[in-house]
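Everything in the sequence shown is counted per our numbering, starting at 1 for the first residue and increasing by one.
Note that these hints are calculated values from the structure, not bench results.
The model shown is predicted, which means the values in this text are computed figures rather than measured ones.
Among the hints, erroneous ones may be present.
Below, computed lysine-lysine pairings styled on DSSO-like, alpha-carbon distance capped at 27 Å [as the list claims (entries may be wrong)]:
#1 Lys-78 / Lys-103
#2 Lys-64 / Lys-106
#3 Lys-99 / Lys-78
#4 Lys-106 / Lys-92
#5 Lys-83 / Lys-97
#6 Lys-78 / Lys-97
#7 Lys-64 / Lys-78
#8 Lys-83 / Lys-106
#9 Lys-78 / Lys-61
#10 Lys-57 / Lys-106
#11 Lys-106 / Lys-61
#12 Lys-78 / Lys-57
Simulated DEER-style distance windows between Cβ atoms [to be verified]:
#13 Lys-99 / Glu-36: 40 to 46 Å
#14 Ala-95 / Asn-67: 35 to 41 Å
#15 Gly-33 / Glu-74: 38 to 44 Å
#16 Gln-117 / Glu-32: 43 to 49 Å
#17 Asn-102 / Asn-66: 29 to 35 Å
In this text, a Cβ means the ideal position worked out from N, Cα and C, and glycines have one as well.
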Amino acid sequence: MDLDKKKEPFEIEERLEYKDHLSEIIKKAEREGHFEDLPGKGKPLQLGQDYLNPEEKQLYKTMKDNNVLPRWVELANKIDQLKEELSQIEGKERARKIKQINKLVKEYNFACPPSLQRNRITDK
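Based on the sequences and whatever the hints tell you, model everything.
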């Protein structure tokens, strides 16, 4: 029993002495004003288009600001390009392009937000 009583104060002292160095660095930088010019610090962000999920909105804004396109935007551009080519093609080649476009539309619909999903195309 005496050993258990001796360990408790020592463990509590250890917990009180520990300091997180990264948190201390960040707090010091905040006090010195290094974060004052960051967007969103003390003022609302202008994020443009409304999204259902606020985290999604911030993600797309950050990606746009850094010139990084999400996979679904790249797919949308490729689908549009293939649809333009489709108007000039006939026969089996047209059927093959439609199949390729529909495959890309399916992949696009899995990757994009629900409000931006596209419909498959059919040969008329």
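Run the distance test for Lys-57 versus Lys-106: straight-line Cα separation, threshold 27 Å. Between Lys-57 and Lys-106 the Cα gap is close to 23 Å, so the pair holds against 27 Å.
With 38 to 44 Å as the target window, see if Gly-33 and Glu-74 comply at their CB atoms. holds, 39 Å
Has the given pair, Lys-78 with Lys-61, been kept, meaning a C-alpha gap of at most 27 Å? Status holds; Cα separation ~22 Å.
If you draw a straight line from the CA of Lys-99 to the CA of Lys-78, is it 27 Å or shorter? Roughly 14 Å between the alpha carbons, so the hint for Lys-99 and Lys-78 holds.
Going straight from one Cα to the other, do Lys-83 and Lys-106 come out at no more than 27 Å? With a Cα-Cα distance of about 15 Å, the restraint between Lys-83 and Lys-106 holds, given a limit of 27 Å.
Supplied distance hint 35 to 41 Å, evaluated on CB atoms of Ala-95 and Asn-67: Given a distance of about 37 Å, which is inside 35 to 41 Å, the answer is holds.
Given the hinted pair Lys-78 and Lys-57, is their alpha-carbon gap at most 27 Å? Distance of about 23 Å is within 27 Å: holds.
Quick one: are Gln-117 and Glu-32 within 43 to 49 Å, going by C-beta? holds, 47 Å
Would you mind confirming whether the straight-line C-alpha gap from Lys-106 to Lys-61 stays at or under 27 Å? holds, 25 Å
Can you confirm whether the C-alpha distance between Lys-64 and Lys-106 stays at or below 27 Å? holds, 24 Å
Sort out whether Lys-97 lies within 27 Å of Lys-78, counting only the CA atoms. Holds: Lys-78 and Lys-97 sit about 12 Å apart, inside 27 Å.
Can the suggested window of 40 to 46 Å be confirmed for the beta-carbon pair Lys-99 and Glu-36? Violated: the Cβ-Cβ distance is about 55 Å, outside 40 to 46 Å.
Hint 13 from the list above is the single one not met by this structure.
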